[in-house]
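**Student:** With the hints as constraints, model all of the structure from the sequences given.
Protein sequences, first through last, are from chains V and W.
Heads up, the first sequence is in full-length UniProt numbering, so the first residue is 1 and it goes up one at a time.
Heads up, the second sequence is in full-length UniProt numbering, so the first residue is 1 and it goes up one at a time.
Source of the hints: derived by calculation from the structure; they are not laboratory data.
On a predicted model such as this, the values are computed, not experimentally measured, just so you know.
Glycine included, C-beta positions come from ideal geometry on N, C-alpha and C.
Relax, there's no trap hidden among the hints.
Which chain W residues stay away from chain V? Per the calculated CB distances, all over 12 Å, these:
{"id": "1", "residue": "Glu-25"}
{"id": "2", "residue": "Val-54"}
{"id": "3", "residue": "Leu-60"}
{"id": "4", "residue": "Gly-61"}
{"id": "5", "residue": "Ser-64"}
{"id": "6", "residue": "Leu-65"}
{"id": "7", "residue": "Pro-66"}
{"id": "8", "residue": "Asp-67"}
{"id": "9", "residue": "Ala-69"}
{"id": "10", "residue": "Pro-71"}
{"id": "11", "residue": "Asp-77"}
{"id": "12", "residue": "Asp-78"}
{"id": "13", "residue": "Phe-79"}
{"id": "14", "residue": "Leu-80"}
{"id": "15", "residue": "Gly-82"}
Only pairs whose alpha carbons sit at most 25 Å apart, straight line, appear in this in silico DSS-like list of lysine-lysine:
{"id": "16", "chain 1": "V", "residue 1": "Lys-140", "chain 2": "V", "residue 2": "Lys-130"}
{"id": "17", "chain 1": "V", "residue 1": "Lys-177", "chain 2": "V", "residue 2": "Lys-140"}
{"id": "18", "chain 1": "W", "residue 1": "Lys-14", "chain 2": "V", "residue 2": "Lys-136"}
{"id": "19", "chain 1": "V", "residue 1": "Lys-21", "chain 2": "W", "residue 2": "Lys-110"}
Each chain, letter by letter, is given below.
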Amino acid sequence: MPRPEIQAPPEIFYNDVEARKYTTSSRIIEIQAKISERALELLALPNDGIPRLLLDIGCGSGLSGETLSEEGHHWIGIDISQAMLDIAVERQVDGDVMHLDMGQGLGLRPGVIDGAISISAIQWLCYADKTSHEPKLRLKAFFGSLYRCLARGARAVLQLYAENVAQSEMIMTYAMKAGFAGGIVVDWPHSSKARKAYLVLTCGPPSISTTVPKGKGENGETCSDGDESDDEEGQLVSISDRHRPRKKLKVTKRGKGKEWVIKKKEQMRRKGHTVPPDTKYTARKRKAHF
Amino acid sequence: MRLLTHNMLSSNIKGVTNGYPLRLEAEKWSVKEVDLNRDFLTNIFPRIEWKPLVESARSLGLSSLPDDADPSMLNSDDFLKGFHHALLEIHVEEGALICPETGRRFPINKGIPNMLLHEDEV
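**Tutor:** Printed below as a string of structure tokens:
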């Protein structure tokens, strides 16, 4: 499916139908809850049990806000899609929602917010949907107003789906220009599906508290490059076994072997899949049967 | 929209230097009970602009808040109750927010304030 960002502006794309679909799909609800939990974890609020006042940028129908409410926090949500906000009100979310375009600036008093999260929203700023839109100015207005409304030392965790490296670099540049310190945390960098990028920004000058935490599944060793290029070359000229004449079918008596299975399992683990542990039974020889 | 949010909002129109506080004109509001959390109230108190809170609460017919407040009053249960009620339990459903400098109206429908700016206001 093409990216929603190139199909239509957010307020048009998330119409009644799309907003309803978004909020009734159990898959999306689960993913949103997982991302928001991780964002809240990265927000690293002091662990003293005091509820905070948080901001949810691009709150949509309030799926991410629910995670915040569960932890007892009060939140203010903003979104540009009226249809999404209507559903949020219908679902009686605990936070307040506002109809606002983040590219126009947030319009909040300075230093009042304890932290901000944003789930899959800020990449929308990189697209010019109207003639008056200039992505750079919109990014500048957004990050500037976000920096002002956050309390000193507060964090903002913005999960984003950037289309390419240039886009995430542009977003990062404007965040830094606004005065934020921080960087990008990537969870499950080896998986195309589970991979999630979070922009973790701290308000105020760089210090120990502004160091960027590690992403999940990052420490696994990477595949050696040599192997990969060999594989690619082989693939270019090979015909799949299934399409070979029967006589010429490659028959390997030995099968793939334990080493290969263990390598594959490691690969799957790096992608974040649940894989059974390696035991003495892994890839063991079977008895010969007739 | 609760008064907590109203207290944090300011007018974002280009060229406006003093966009705070937005005047609240409420036509319809409701009350939803929320558990009182002393820690949250103590934590948020220094960041609340007291005058706009009292003014908007009075426009909704609430007179329990004193004209001035200082942190020592947070020890009084009566004060906390009134503060909590005004800040978190009242939801403005219909009405408008008005920019103090330009008089521009931001309508509130179904509890959602519409803060979208026109192109010439950005």
